[in-house]
Amino acid sequence: MTAPMSGPPDVPMSGPPDMVPRMRNTQEMPTAPGAELTEPPVPPVSAGVPRNASADRAAVRAFRPRRVIPSVITAFLMLVIGGLVAAEVISALLGDPLRLVPYDRMLRWASSTSWSDPSVLMGALVPVLLGLLLVLLALIPGRPRLIPVRTGDKDLIIGMRPKGFARALTHAAEQVQGVDRARVRVLGRTAHVKAVSFLRDTTGLEDAVRQAVTGRIATLNPVRDHSVRVKLREKGERS
Numbered sequence: 021m022t023a024p025m026s027g028p029p030d031v032p033m034s035g036p037p038d039m040v041p042r043m044r045n046t047q048e049m050p051t052a053p054g055a056e057l058t059e060p061p062v063p064p065v066s067a068g069v070p071r072n073a074s075a076d077r078a079a080v081r082a083f084r085p086r087r088v089i090p091s092v093i094t095a096f097l098m099l100v101i102g103g104l105v106a107a108e109v110i111s112a113l114l115g116d117p118l119r120l121v122p123y124d125r126m127l128r129w130a131s132s133t134s135w136s137d138p139s140v141l142m143g144a145l146v147p148v149l150l151g152l153l154l155v156l157l158a159l160i161p162g163r164p165r166l167i168p169v170r171t172g173d174k175d176l177i178i179g180m181r182p183k184g185f186a187r188a189l190t191h192a193a194e195q196v197q198g199v200d201r202a203r204v205r206v207l208g209r210t211a212h213v214k215a216v217s218f219l220r221d222t223t224g225l226e227d228a229v230r231q232a233v234t235g236r237i238a239t240l241n242p243v244r245d246h247s248v249r250v251k252l253r254e255k256g257e258r259s
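Per the working numbering: the sequence shown = residues 21 to 259.
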């Protein structure tokens with residue numbers, strides 16, 4: 021004797037493959053003791069993009085700031101100086117010099133002034149400092165307009181806005197059980213997370229927030245790695 025099974029019998033699924041339901045792999049977000057989910061977790065998507073050095077360099081170069089303001093200022097100054105020199109030379113060749121620059125007075129000053137005079141040293145120091153500033157602006161990379169995302173193909177360049185990147189990390193932090201609200205600021209290659217918890221016992225919560233944000237960064241897969249710093253405080257506590 022066999023007891024009948026309770027509930028409807030198993031019925032094999034049939035039909036086209038795209039009509040057969042598939043089980044979705046889910047992964048729970050890090051939790052802290054005594055917390056409740058504020059929002060259903062979103063399964064992370066594996067980036068799966070291999071590292072390609074040439075593609076990464078192309079993406080970084082594409083979003084590097086162009087230093088437009090220093091370039092425009094330098095070009096304008098060079099244009100003014102070049103136009104002044106050309107006007108003086110052409111007018112002198114035509115026999116009617118403009119004398120926009122007081123050459124005679126400058127010649128008398130230079131003839132009566134030694135190289136060790138403070139005014140001469142300051143006059144030489146100013147263009148040297150300006151030149152060094154322009155060299156530094158050309159060599160030191162500025163803040164990128166977009167955060168490059170790894171694609172593995174140098175012909176395919178994708179970037180994220182820093183605000184959108186920070187919002188995605190904020191969303192990941194707020195999904196952690198026990199976190200009431202969070203805020204993320206991306207400064208350079210570091211994500212600074214400020215989280216507020218309604219729990220009395222926040223043991224392990226800081227590590228859980230760090231793990232969630234780090235996992236979201238891995239999912240977004242930016243070209244440059246970002247470290248995560250978490251500052252956790254209880255609700256009602258002043259920061």
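Don't take each hint at face value.
Unchecked claim - With a cut-off of at most 25 Å between alpha-carbon atoms, the simulated BS3-like pairs for lysine-lysine come out as follows:
{"#": "1", "residue 1": "LYS214", "residue 2": "LYS255"}
{"#": "2", "residue 1": "LYS251", "residue 2": "LYS214"}
{"#": "3", "residue 1": "LYS174", "residue 2": "LYS214"}
{"#": "4", "residue 1": "LYS251", "residue 2": "LYS174"}
Source of the hints: derived by calculation from the structure; they are not laboratory data.
The model shown is predicted, which means the values in this text are computed figures rather than measured ones.
Going through the hints against the structure:
Between LYS214 and LYS255 the CA atoms are separated by roughly 12 Å; this keeps the pair inside 25 Å, and the hint holds. Using a Cα cut-off of 25 Å, the hinted pair LYS251 and LYS214 holds, with the two alpha carbons roughly 5 Å apart. At roughly 35 Å between alpha-carbon atoms, LYS174 and LYS214 are farther apart than 25 Å, so this suggested pair is violated. With a C-alpha separation of about 37 Å, the suggested pair LYS251 and LYS174 falls outside the 25 Å cut-off, and the hint is violated.
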